[in-house]
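Enquirer: Residue numbers (the working numbering), protein chains in the order written: chain Z, 7 to 390; chain V, 7 to 390; chain W, 7 to 390; chain A, 7 to 390.
Source of the hints: derived by calculation from the structure; they are not laboratory data. Misleading hints may appear alongside valid ones.
Copies of the same chain look alike in the list, so a pair counts if it fits in one copy or across any two.
[What the hints assert, rightly or not] In the DSS-like style, the derived pairs of lysine-lysine whose C-alpha atoms are separated by at most 25 Å in a straight line are: (1) 16 <-> 132; (2) 195 <-> 14; (3) 133 <-> 276; (4) 14 <-> 57; (5) 16 <-> 57; (6) 276 <-> 16.
Number of protein chains: 4
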Amino acid sequence: MNQTNKSKRKLRLGVVGGGPDSFIGPVHRIAARMSDHYDLTAAVLSSDPEKSVRYAADLGIDRAYADWQGMISQERNREDGVEVIAVMTPNDTHYPIAMAALDADMHVISDKPLCIELEDALDLVKKTQSTGKVLCVTYNYSAYPMVRQAEAMVRKGDIGEIRQVHLQYIQGYLADSTDEPGWRGDPIKGGPSLVTCDIATHAYHLGCYVTGLEVEELMADIGTSMPGRTIDDYMGCLLNFENGAKGSMWITNAAAGAEHGLSFKIFGEKGGLEWHQENPNELRHRRLDGFEQILTRRKDGQLYPEAERAMSLVIGHPEGYHDAFANLYKDVAETILAREKDPGFAGHDFPSVWDGAKGVNFIHAAIASSRNKAWENCRLSLTI
Amino acid sequence: MNQTNKSKRKLRLGVVGGGPDSFIGPVHRIAARMSDHYDLTAAVLSSDPEKSVRYAADLGIDRAYADWQGMISQERNREDGVEVIAVMTPNDTHYPIAMAALDADMHVISDKPLCIELEDALDLVKKTQSTGKVLCVTYNYSAYPMVRQAEAMVRKGDIGEIRQVHLQYIQGYLADSTDEPGWRGDPIKGGPSLVTCDIATHAYHLGCYVTGLEVEELMADIGTSMPGRTIDDYMGCLLNFENGAKGSMWITNAAAGAEHGLSFKIFGEKGGLEWHQENPNELRHRRLDGFEQILTRRKDGQLYPEAERAMSLVIGHPEGYHDAFANLYKDVAETILAREKDPGFAGHDFPSVWDGAKGVNFIHAAIASSRNKAWENCRLSLTI
Amino acid sequence: MNQTNKSKRKLRLGVVGGGPDSFIGPVHRIAARMSDHYDLTAAVLSSDPEKSVRYAADLGIDRAYADWQGMISQERNREDGVEVIAVMTPNDTHYPIAMAALDADMHVISDKPLCIELEDALDLVKKTQSTGKVLCVTYNYSAYPMVRQAEAMVRKGDIGEIRQVHLQYIQGYLADSTDEPGWRGDPIKGGPSLVTCDIATHAYHLGCYVTGLEVEELMADIGTSMPGRTIDDYMGCLLNFENGAKGSMWITNAAAGAEHGLSFKIFGEKGGLEWHQENPNELRHRRLDGFEQILTRRKDGQLYPEAERAMSLVIGHPEGYHDAFANLYKDVAETILAREKDPGFAGHDFPSVWDGAKGVNFIHAAIASSRNKAWENCRLSLTI
Amino acid sequence: MNQTNKSKRKLRLGVVGGGPDSFIGPVHRIAARMSDHYDLTAAVLSSDPEKSVRYAADLGIDRAYADWQGMISQERNREDGVEVIAVMTPNDTHYPIAMAALDADMHVISDKPLCIELEDALDLVKKTQSTGKVLCVTYNYSAYPMVRQAEAMVRKGDIGEIRQVHLQYIQGYLADSTDEPGWRGDPIKGGPSLVTCDIATHAYHLGCYVTGLEVEELMADIGTSMPGRTIDDYMGCLLNFENGAKGSMWITNAAAGAEHGLSFKIFGEKGGLEWHQENPNELRHRRLDGFEQILTRRKDGQLYPEAERAMSLVIGHPEGYHDAFANLYKDVAETILAREKDPGFAGHDFPSVWDGAKGVNFIHAAIASSRNKAWENCRLSLTI
């Protein structure tokens, strides 16, 4: 036996949120473990100090806090303090936590939407720029290998100039009139429109990410299809992209029997691409005058490096939601670690604070369009 | 051997259009033969008398005409004259041919759209009512057994009150900038908007047929996604149905690599239904809180009679486009023949002149909405 | 109007079998009408003369007979007598009817299996050769366009030398212990093994047709999976092909909930092909080191002419069982008609009497193998 | 902040094998991390001591060994020595490593096959019984939630008595004649038949696991479909199950263009189940006289607890290969930990040493059958 001199540098991670009964809490923690780049050393898992300690101990986490203010203020002063904060709390708290973390010289992994108000989003953009810290918004669906492949194919011209885009996000968890959205339905905690803040923002990011295009203007119809319901559970939306491409979105969390139907179908001048989150290991590629091709995950040089980087398994071995989420953690960590050696390292491809700000801008543009029954500008100015 | 006294009464059919190089001509003629209710006895297959005769002879048709006026005026005076006229000519001629045929006491099977102008459509509605003749518009996709099943399931409440509707019709035959639409692209012959008159009207009918609902108002974006193209090859559309249901449409014939992607996905308070024309023998049925079910064509009492009536093959033996088209011919003939015995017979379920008029109204409402960038009323008044 | 001189030569068709309650009767008659090459002029629809007349009259058929002997003897002497006999009776009558028809200088379209005894099959081979008449066995699944495409791809080397073959035919109509096979279960009328004579013979033909290979030897396990059942409803079979390729078959009509799951999956040295009868418009093409391609029906020069010939509809318009069956009628008719002008015409591609004889040989080889629990030779000698 | 008293008991894990370039090494390590029940504290990653240290350090593993003998002998004497050994070495070393680990009072997680010789397998069965240690064979495909659901459905009678079983495992990694199997093709290291030891054993376990049945006898054809190849890359196999059910297998790693097509399709007296590893989140359920149902992963009480236990994500969020593999690690750990509190705890459902021994027995039975061209008994006696 030889005692190794563990050369593996791991980032110290603190999490805010994700206590018992949370869906997304375990997802973040598994993602961190899969990436193998983090030590989960601190956590705020409950506002009750006793509970926070107990849950943290159950999870094998050393240091438990009762609030994020305490965690950030104490950890920033430790030599072994947390370096990355992952935020998985209700939407209204994303902004203050992220700002405080950046101020404390910590990197941030934040659930979407980045925050609720556009000016707060732009604040975070500026703060990130001034601190040089990483802020990743967990638009996790863009981290599936076949989505990365689609993005690369579009960017490299494989389907030519983009012409048409269709996005769907069809869920069923509010399909019954008695279904309850929890804090997501509270306009203070969740934001001004449930369906928009909760899932439309994912689809919007996905569409912009894959096409590499900005939406110039949009025409939205937001509301509910259920008599008497006061929360928004439906969005229909027409899109005009900066390059003249046309698009549409159908977003709902009130489709009876639907599961998690996030998908895109896009067409360019030379072909089309189609992807469905529920079957994420396939990407359909239609070619003008050619037969449809089913691209699958494989690491043999046939996919673009951007896709290969996002895979951890070989051909035919399905990857899933956890694997994609772990890619965000991996890309954030490998960006941070690479910059320790090379401060000019450009960074890996994960959704940035700017992507987050565009998502917040989209939320407000869509709501305004629906309210005014009119087309609304959707470009976020770069002059901030 | 016994010479039979052929008891089978067949309807004498005359066709206008469908000459050589026509796609839809053979479809009509095969449909008539499959239904086994027609004798194809007269035809206008070319405006050149010699050609019309030659083509007719090649097809085994007795009487050839060089124009529809001649056919109608001569056939109306024969004892063995045609009883049903099938119209498969450019859109601008549907109205005069159908009017003349109805005036000559003939039944009409007309390609869609019923005609181009709304007032002409309403004229045809009135004329059909006054003559008591049958007029069927070939919205053939509604004649697939599994579409009939979907309509019956909705009508009988299997998925509850309809909440959300999404319609797609994605074709690729104009995806290349050099692709040419022929007469369909000529505003005189094809109508004021190619994509709208050619295929959106199919999707609109399908959505209204399956849901049993009228569209109250719509917001359309019609145009092209291709720089420099002057014909319409794209429509995005938001829909509000009479009962508060929400909907959207994505219609194009310029999607590179797409084939014939007509589909609907609808959700009601108790479940959802999904159907794709390219795989027409399946109907997906999602139930609130239940697993997805794949309903297939079968004649064992498990489907509604409306669907069973539309099938000619047993379980697992796929039916296709020809079989569905033949259902229209069958339903028209069996309606006519039943009324010979029982004049009060209500008629089988095929797209009527009123469906045709609603389709024409939709075309104009969508164009107006797109031009005005505003929501437009889409209800066709019943007071005609 | 111009009275045409109908130039279309139609073949006079007589049918034996296919009375009321028959599934396959309407299929044959629709196929004949779709092809537009036949006049159905005589029929034996019941052994009760009165019923045969009544059914024939209902179907619009001129001449009704009470037995096939009468039909053949009378029709052969008429100037307008039938030229083609279609046989859709229980299996034990195929041989005498076909022999009599050939003797009467008529062409034959016979349901499968060609007959029950191998020597009878070889008799029919010889008789067909000596009379020069066409005999087509309705292995109809080989007439789907995408099956024709697969056959052409293999023949032209697109997937290289064939290495592995798997065939399935999974039906459910005998899955319940109380299900009754009718005459098919009667060893006299249906043959010595229900599953083998009824459906395995289809799968066997399909596999040999697509690969262009003969089976050298086979090892079968035939019987039932249901305690107490005396008919055969299951066959498992291992195959060795003449070129060293390996194969297997899974055939049953007792799979609870199955529909009509005939399929092949084959692999050659350069790729593979997969086709499912229930979704017949698609052919999956896997390439060594490449992505899977979905070939679909299209008439734009991208498929082989053999496939294009078998299509009557353009891209994205699904064809089905009727369309494929009609291809057999079309190919038979166009062969007969072409030989009227050019006696040396080689003939279109439909399953021949020799294919039928090989199918009968397979039935007996499989039964012997299963009985002896041993590999059995399956080559039918060409020296007849 | 409160320093927690980490209450989480983790098992100390040592791995043998899985060095750089290994596919399965990272899989095991990720599985251990996902389950969150292990500390990976020792490893043999190379027989070169220096390399073993370096790789271990790169992976953040404390103690590196150059051979398993050293690891086991040293770790057994440490207070903080490894408690579980995971074996991912060539097949011929499974037996000695597992025996040594069990003798050292360690639990074992072993890759399949359990070992090469049947008597060694039976030795391991006895040794496991005598030591009371856990031995899990990584038949990982049985750990997918929908496979667990299938097993529970069969066991609870949802599809009735099993009648027919078909298993496929279709890979392409040896499809090119120049493809090289590495040590798997070496009869000493990999065992007497590549395709049999490498993948057929997976399919065999899956079939027995889901049906809950033993195979009574089998008839195999093992070899290659490629001229000149000396390794086995093909197995066709007929199966007779103990209850009279019939089955077949098609297994190959030489199918050009195939990926990882492990699947089962089974039918019982009341219905059928179908599952494909490449799309593992779906289970097709056919019911006698009913429509096909697609069961999906969901944690809302609609699946059996055995399936729910195996899921870590909610409806519509796909799980993959890593998630299933992690279930084995979780089930092993939770069995060990539960027995620390309750020595009589029966254990969770993972493939046991007995399953491993049956797999070894199958390998030899299949080889004997193929060699003798005869049906061979396949029951492993319980009297060991």
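Enquirer: Please go over all the hints and tell whether each is borne out by the structure.
Expert: Comparing the hints with the structure gives:
no., hint, result
1, 16 <-> 132, "neither (28 Å within a copy, 43 Å between copies)"
2, 195 <-> 14, "neither (39 Å within a copy, 33 Å between copies)"
3, 133 <-> 276, "neither (41 Å within a copy, 48 Å between copies)"
4, 14 <-> 57, "between (32 Å within a copy, 15 Å between copies)"
5, 16 <-> 57, "between (27 Å within a copy, 21 Å between copies)"
6, 276 <-> 16, "neither (45 Å within a copy, 46 Å between copies)"
Of the hints listed earlier, those the structure fails to meet are numbers 1, 2, 3, 6, in rising order.
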